[in-house]
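Chemist: Take a look at the letters that make up each chain.
There are 2 protein chains.
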Amino acid sequence: MSERKGRSTVALGSVSASAYAAVGGKKEGEGPLGGRYDYIDADDYFGQSSFELAESAMQGIALQNVLEKRGIMPEDVSMLFGGDLLDQCIGTSFGTRDFGIPFFGIYGACSTVSEGLSLAALTVDSGASEISGVITSSHFCTAERQYRFPLEYGGQRTPSSQWTATASGALLIEKTGEPPFIRAVTVGKIVDRGITDANNMGAAMAPAAYSTVSAFFGDTGLRPDDFDAIVTGDLGNVGSRLFCELAEKGGLELRARHFDCGRMIYDQSAQDVHAGGSGCGCAASVLCGYFLPEIRAGRLKNILFAATGALLSPTSSQQGMSIPGVSHLAWISFEKGEI
Amino acid sequence: MSERKGRSTVALGSVSASAYAAVGGKKEGEGPLGGRYDYIDADDYFGQSSFELAESAMQGIALQNVLEKRGIMPEDVSMLFGGDLLDQCIGTSFGTRDFGIPFFGIYGACSTVSEGLSLAALTVDSGASEISGVITSSHFCTAERQYRFPLEYGGQRTPSSQWTATASGALLIEKTGEPPFIRAVTVGKIVDRGITDANNMGAAMAPAAYSTVSAFFGDTGLRPDDFDAIVTGDLGNVGSRLFCELAEKGGLELRARHFDCGRMIYDQSAQDVHAGGSGCGCAASVLCGYFLPEIRAGRLKNILFAATGALLSPTSSQQGMSIPGVSHLAWISFEKGEI
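Just so you know, the sequences run in chain order R and S. Quick note on my numbering: the first sequence kicks off at 327 and runs consecutively. Quick note on my numbering: the second sequence kicks off at 327 and runs consecutively.
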């Protein structure tokens, strides 16, 4: 059962990710993890007439896929935690409404998948839920026109900017006794170091990722070399460098085992994505398509997964506000056990 | 400890709302519950230079107030659940960032306070959190310009439209052994009956409220006359009538004990609000300013509190989509006990 460790970490009993699915667009299918997706759409429209409907359809495909993998019906899921980047999270509201699953909407920007994973694990661990689901997504075309410019404008992108992934990840959490186990979660605080450049979100999010990762180590007494991989969400090239520098200054050498979903999802030499990928669907699909299968297969034994979110809006940026960041962390393991 | 009851309801052990605070704007202060607020701002700017900053400042006042009432510091709070109506929930990100509390962002539109209350109660009940906080807000001036028109435009409002409250509610959940107790929560499903009129959100949300309230009665075997009040969020005049009609058709006669926060917050004969109040801060401030104190004093023994949210965005409405609704419910009681 849930046991608090220090300020921000909760150790869990036996809670597993029982099924997971990753869905992506054309560019994601052409990336180095393309073969890891359960479904790739040929033109990013997912058979719909608008990009917003496409994003919702993509969520529906991911959620349906994960239910079929597990061999259950929507009514077998006790609670669903979901959110996305669109204003008022409409990608999720419309993507999940026909499933009829008791629904908690969450918003953590690109940290949404680890926020959902944390809440799903906490509710299953306590017995409040038998099976909790997590769903999130992002779509390049909905994000560009909402946060930046209409695609037709053809705006230049700065070197520090990241490419919003067209992708969705869905997973189920329950007590199966099988790996991957969610052994602990660390709830992130909002951290704002005054970055105001909305085209450099990696820099805005890196301090939040470091805050959460260092809180985990402080709360548990574990060390970086207890883990095969310390994974951040979508810090990209700029944010990843800053994250490792912040960790080094704090006495944690992470470079040898640090991976960033924003750097993994695209081939940076061949796919023109500047500082890497981003978006709720980036970390979610890399988790569901790559890391969770690797842990289930035993090729990875212990990872820390810390998706990162930039809590800005176009309004806050236009009003000159800085960019708050947040990152939630989960310890995911091949082995069950006490901390 | 948490025990599932039926499809959607979780019965809780001994979990209490230990402190609560309500903050409002000028119009809310002039309403029938004006004397119930802990702080009323004279001009709705809360000392800030923009309406968005005002909304964040209002959240900060509510959160600080509730901490002071309880006599604790931010670092004593294990987890904070918060959200608002603004794009990317910036009211909350900027309103709470300086408190440094581990933070879960949530989005349930005007149902946010009961979503947060549910998650706060679940995490405290399980021991994952010692003290969980809930914060939410809405501001008439930020909502009008984001969802409808700039205030300067002076647009006409339709009779079914509701007035977004300038208000915030904050509360703390922990195991004090004192009332008000949160005895059970029912997690709502997304319900969409095809309403497309964004100026009639009461009609869009009423089916969701009925879905959740009827799920609670079905899951628990309790009956309406077990409760002093069955409270909905912001259905307003139109939605309240529809809610009671839907309940009657489903065999639940609720009219004698139904209250709606959107109808309570303003004097409808003297304050020109058309169909009533709305906004995350409406239900939150009526809960924190009126219902929780009434239960603590023993003047109300048992209530169901079901805030309601309309999960639309300007984009979804402009694209002709219907309005999904959601409602989460909490049974709040003067008495501790088993279901």
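FYI, nobody ran anything at the bench for these hints, they're computed from the structure. Take these hints with a grain of salt, some might be off.
Any copy, or any two copies together, can satisfy a pair, since identical chains are not distinguished.
Unchecked claim - Simulated pairs of lysine to any residue, SDA-like, Cα-Cα distance not exceeding 20 angstroms:
1. K501 with G397
2. K627 with P505
3. K331 with E401
4. K352 with P485
5. K627 with R471
6. K501 with R333
7. K501 with E329
8. K331 with E456
9. K331 with G426
10. K331 with P400
11. K501 with G332
12. K331 with D402
13. K662 with E394
14. K575 with G339
15. K662 with G339
16. K662 with Q594
17. K501 with G453
18. K352 with T641
19. K575 with A596
20. K352 with N628
21. K352 with D593
22. K501 with I366
Chemist: If a hint holds in the structure, say so; if it does not, say that too.
Modeler: Going down the list of hints, with the structure as the test:
1. Proximity of K501 and G397 under a CA criterion of 20 angstroms is satisfied intra-copy only: 16 angstroms inside one chain copy versus 39 angstroms between copies.
2. Taking identical chains as interchangeable, the C-alpha atoms of K627 and P505 lie at most 20 angstroms apart only when both belong to the same chain, with a minimum of 10 angstroms there against 46 angstroms between chains.
3. For the identical chains of this complex, K331 and E401 are inter-copy neighbours only, at 14 angstroms across copies versus 34 angstroms inside a copy, given an alpha-carbon limit of 20 angstroms.
4. Taking the shortest alpha-carbon separations for K352 and P485, neither the intra-copy value of 22 angstroms nor the inter-copy value of 47 angstroms comes in at or below 20 angstroms.
5. Taking CA atoms no more than 20 angstroms apart as the test, K627 paired with R471 passes in neither setting, with 40 angstroms inside one copy and 50 angstroms between copies.
6. In this assembly of identical chains, the alpha carbons of K501 and R333 lie at most 20 angstroms apart only when taken from different copies (18 angstroms versus 26 angstroms within one copy).
7. For the homomeric pair K501 and E329, the shortest alpha-carbon distances inside one copy (17 angstroms) and between copies (15 angstroms) are both at most 20 angstroms.
8. Taking the shortest alpha-carbon separations for K331 and E456, only the inter-copy value of 11 angstroms comes in at or below 20 angstroms, while the best intra-copy value is 24 angstroms.
9. In this assembly of identical chains, the alpha carbons of K331 and G426 lie at most 20 angstroms apart only when taken from different copies (17 angstroms versus 35 angstroms within one copy).
10. In the homo-oligomer, the alpha carbons of K331 and P400 lie at most 20 angstroms apart only across protomers (18 angstroms), although the nearest pairing inside one protomer, at 34 angstroms, exceeds that limit.
11. In this assembly of identical chains, the alpha carbons of K501 and G332 lie at most 20 angstroms apart only when taken from different copies (19 angstroms versus 25 angstroms within one copy).
12. With identical chains, the CA atoms of K331 and D402 are at most 20 angstroms apart between copies only, with a shortest distance of 14 angstroms across copies and 32 angstroms within one.
13. For a Cα distance limit of 20 angstroms, the shortest separation of K662 from E394 qualifies neither inside one copy, at 26 angstroms, nor across copies, at 41 angstroms.
14. Taking the shortest alpha-carbon separations for K575 and G339, neither the intra-copy value of 33 angstroms nor the inter-copy value of 44 angstroms comes in at or below 20 angstroms.
15. In this homomeric assembly, K662 and G339 come within 20 angstroms of each other (Cα to Cα) only inside a single copy, at 8 angstroms, whereas the closest approach across copies is 28 angstroms.
16. With identical chains, the CA atoms of K662 and Q594 are never at most 20 angstroms apart, being 36 angstroms at best within one copy and 59 angstroms at best between copies.
17. Proximity of K501 and G453 under a CA criterion of 20 angstroms is satisfied in both settings, with 10 angstroms inside one chain copy and 18 angstroms between copies.
18. Proximity of K352 to T641 under the C-alpha cut-off of 20 angstroms is found in neither arrangement, the shortest distances being 31 angstroms within a copy and 25 angstroms between copies.
19. With identical chains, the CA atoms of K575 and A596 are never at most 20 angstroms apart, being 33 angstroms at best within one copy and 61 angstroms at best between copies.
20. Taking the shortest Cα distances, K352 and N628 never come within 20 angstroms of each other, neither inside one copy (31 angstroms) nor across copies (54 angstroms).
21. Proximity of K352 and D593 under a CA criterion of 20 angstroms is satisfied intra-copy only: 13 angstroms inside one chain copy versus 55 angstroms between copies.
22. Within a single copy, K501 and I366 get their C-alpha atoms no closer than 30 angstroms, and across copies no closer than 48 angstroms, so neither meets the 20 angstroms cut-off.
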